[in-house]
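Using the hints provided, position chain B relative to the given structure of chain A.
Read off the chains here:
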Amino acid sequence: MATESEVTHIAELADVGIDREELGIFTHQFNAILEYFDVLDRVSGDTAAMSDLCNVMREDEVEPSLPQEEVLRNAAATEDGFIKAPRVM
Amino acid sequence: MGDNEICFETDDRYNAFLTTCKKAPHGPGALAGIGVAVKDNISTKGIETTCASKILKGYIPPYDAHVVELLRNSGAAIVGKTNMDEFGMGTTTENSAFGPTLNPCDTGRVPGGSSGGSAAAVAGGMVRMALGTDTGGSIRCPAAFCGIVGLKPTYGRVSRYGLVAYANSLEQIGPMGRTVSDVSDLMQVIAGYDRRDSTSYDRPYTHIPCADINGLRIGIPRQYFGGGVDPEVAAVVTRAIGRLEGLGATTVSCSIPSMEYALAAYYVICTSEASSNLARFDGVRYGPAADSKKPWHEAYQEVRRANFGTEVRRRIMLGTFALSSGYYGKYYAKAQVARMNVKQDFARIFADVDVIAGPTMPTIAFKLGEKSDPLSMYLSDILTVPVNLAGIPAISVPCGKVNGMPVGLQVMGRPWEDERVIDVAFAYEQECV
Chain A
209 MATESEVTHI AELADVGIDR EELGIFTHQF NAILEYFDVL DRVSGDTAAM
259 SDLCNVMRED EVEPSLPQEE VLRNAAATED GFIKAPRVM
Chain B
1075 MGDNEICFET DDRYNAFLTT CKKAPHGPGA LAGIGVAVKD NISTKGIETT
1125 CASKILKGYI PPYDAHVVEL LRNSGAAIVG KTNMDEFGMG TTTENSAFGP
1175 TLNPCDTGRV PGGSSGGSAA AVAGGMVRMA LGTDTGGSIR CPAAFCGIVG
1225 LKPTYGRVSR YGLVAYANSL EQIGPMGRTV SDVSDLMQVI AGYDRRDSTS
1275 YDRPYTHIPC ADINGLRIGI PRQYFGGGVD PEVAAVVTRA IGRLEGLGAT
1325 TVSCSIPSME YALAAYYVIC TSEASSNLAR FDGVRYGPAA DSKKPWHEAY
1375 QEVRRANFGT EVRRRIMLGT FALSSGYYGK YYAKAQVARM NVKQDFARIF
1425 ADVDVIAGPT MPTIAFKLGE KSDPLSMYLS DILTVPVNLA GIPAISVPCG
1475 KVNGMPVGLQ VMGRPWEDER VIDVAFAYEQ ECV
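From first to last, the protein sequence lines stand for chains A and B. In this text, residue positions in the first sequence follow this note's numbering: the first is 209, and each later residue adds one. In this text, residue positions in the second sequence follow this note's numbering: the first is 1075, and each later residue adds one.
Derived from the structure by calculation, the hints contain no laboratory data. Just so you know, these numbers come straight off a predicted model, no measurement behind them. It is possible that some hints are incorrect.
Said to hold, decoys possible - Label pairs and their calculated CB-CB ranges:
{"no.": "1", "chain 1": "B", "residue 1": "L1442", "chain 2": "A", "residue 2": "Y244", "range": "20 to 26 Å"}
{"no.": "2", "chain 1": "A", "residue 1": "C262", "chain 2": "B", "residue 2": "A1104", "range": "32 to 38 Å"}
{"no.": "3", "chain 1": "B", "residue 1": "D1304", "chain 2": "A", "residue 2": "E269", "range": "51 to 57 Å"}
{"no.": "4", "chain 1": "A", "residue 1": "I233", "chain 2": "B", "residue 2": "N1242", "range": "52 to 58 Å"}
Said to hold, decoys possible - Once the Cα atoms are required to be at most 30 Å apart in a straight line, the calculated DSSO-like pairs of lysine-lysine come out as:
{"no.": "5", "chain 1": "B", "residue 1": "K1445", "chain 2": "B", "residue 2": "K1475"}
{"no.": "6", "chain 1": "B", "residue 1": "K1445", "chain 2": "B", "residue 2": "K1131"}
{"no.": "7", "chain 1": "B", "residue 1": "K1441", "chain 2": "B", "residue 2": "K1475"}
{"no.": "8", "chain 1": "B", "residue 1": "K1367", "chain 2": "A", "residue 2": "K292"}
{"no.": "9", "chain 1": "A", "residue 1": "K292", "chain 2": "B", "residue 2": "K1119"}
{"no.": "10", "chain 1": "B", "residue 1": "K1097", "chain 2": "B", "residue 2": "K1119"}
{"no.": "11", "chain 1": "B", "residue 1": "K1096", "chain 2": "B", "residue 2": "K1119"}
{"no.": "12", "chain 1": "B", "residue 1": "K1475", "chain 2": "B", "residue 2": "K1128"}
{"no.": "13", "chain 1": "B", "residue 1": "K1131", "chain 2": "B", "residue 2": "K1441"}
{"no.": "14", "chain 1": "B", "residue 1": "K1131", "chain 2": "B", "residue 2": "K1368"}
{"no.": "15", "chain 1": "A", "residue 1": "K292", "chain 2": "B", "residue 2": "K1368"}
{"no.": "16", "chain 1": "A", "residue 1": "K292", "chain 2": "B", "residue 2": "K1131"}
{"no.": "17", "chain 1": "B", "residue 1": "K1128", "chain 2": "A", "residue 2": "K292"}
{"no.": "18", "chain 1": "B", "residue 1": "K1128", "chain 2": "B", "residue 2": "K1097"}
{"no.": "19", "chain 1": "B", "residue 1": "K1131", "chain 2": "B", "residue 2": "K1119"}
For every residue, glycine included, the Cβ atom is placed at its ideal position computed from N, Cα and C.
Okay, chain A solo, but in the shape it has when bound:
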């Protein structure tokens, strides 16, 4: 069972935000889903066997890419050819 404070913590970790009014219903629905997930306890074994797939590698070569102005076109805020982001520190 996840408590309201755990659900709030998850919302913060996931950066999706949660409002006071929706916390009750979110927690209730979250727990109903987690309870359903408990059926996975019946699966034996802790790690999946290696599959027969293999990695696809390629040379790390410079190739033509999109022009700068096209890359910046969808950004909300730009400055001197860079994308402007909120401050981290």
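For chain B alone, kept in the frame of chain A given last:
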């Protein structure tokens, strides 16, 4: 109107489209001049692509998805972008930020999802064919609910380059149309190797549908006809399989024991992948702006809280939880073992039969607003998600009606045998429609 464009006008009474291209250019080729609708999570250069989310409102991709390049090269005219559940998260198309799509067979019901706009555009006669995407049934469910044909190809057969990712390890782009031949023709255009998708496989599709299924062995899993499946739907599908027997096929009873936990495994895996994939939507490179004067997390949470729908936030949170330390072993690791078990169950059955058949969906299309509880919506995906976990091909073809609403026959095949599921669906269609 020029020689090389078609004029696309629609009243869009079913809210199938998010964007329409009134003048759609086209070239010569196999699909010359045929209007094709494209689901709105597939990138189209110069045409707004929103994934039915407010967080991508106004986003104009600077490049085409691989499948869109192939469509343009085939001469097809891209006439619009279709409505969907936001980022593909839903089974009804009610989770669109831009309003639900209505089912052309009964406008009081949902078209299914998440490719509901593509299905409604085809079923409503607005386009002959459309592209959808299928992560846990999102092509087959709306095909079944709207009475059209939809193919979820073998994982790796169609490039995902330019598909806005929701759950990479599960999803494939696939064709939808009114007939099996149309679906096959569209598959021929979109399948093929693309180095920009590292899971792409070099298996072009050049098949012409063939209705001869004499000697075919069909597995009938008991889980597809048991509890939770509407008996009337099961009866219609059983009759349809009887028609295939009349064409020379034989049926074999079988069992997929891993279905006990397949749905839970699917939701753990898809939400985990979603929590990672959707981290890119931060209001910085595209979409509504994050307040760049605020601290990072505060700005980020504000823009995501305001612009993601409830179901998207729920799935991001579930995935974050399933991957968090202390819970990883209980959820994500177990789900991966469960996924391997599903794959092995299919491999065991396919050693003895050529295809597996059952209903696509456990019920007919829901009434609008009927599935308000998230868990009850998830449970309706039980018959479609095993295919995505195993990466195998599956098709839904209309096979009758219950209460006037279409029912889909689902045919599942061995990996890379998309041709065979097409043939079985074609044989049924030629015999019965």
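Tested hints:
no.	hint	result
1	B/L1442 x A/Y244: 20 to 26 Å	25 Å, holds
2	A/C262 x B/A1104: 32 to 38 Å	33 Å, holds
3	B/D1304 x A/E269: 51 to 57 Å	55 Å, holds
4	A/I233 x B/N1242: 52 to 58 Å	30 Å, violated
5	B/K1445 x B/K1475	21 Å, holds
6	B/K1445 x B/K1131	26 Å, holds
7	B/K1441 x B/K1475	16 Å, holds
8	B/K1367 x A/K292	10 Å, holds
9	A/K292 x B/K1119	24 Å, holds
10	B/K1097 x B/K1119	15 Å, holds
11	B/K1096 x B/K1119	16 Å, holds
12	B/K1475 x B/K1128	36 Å, violated
13	B/K1131 x B/K1441	28 Å, holds
14	B/K1131 x B/K1368	22 Å, holds
15	A/K292 x B/K1368	12 Å, holds
16	A/K292 x B/K1131	19 Å, holds
17	B/K1128 x A/K292	21 Å, holds
18	B/K1128 x B/K1097	26 Å, holds
19	B/K1131 x B/K1119	15 Å, holds
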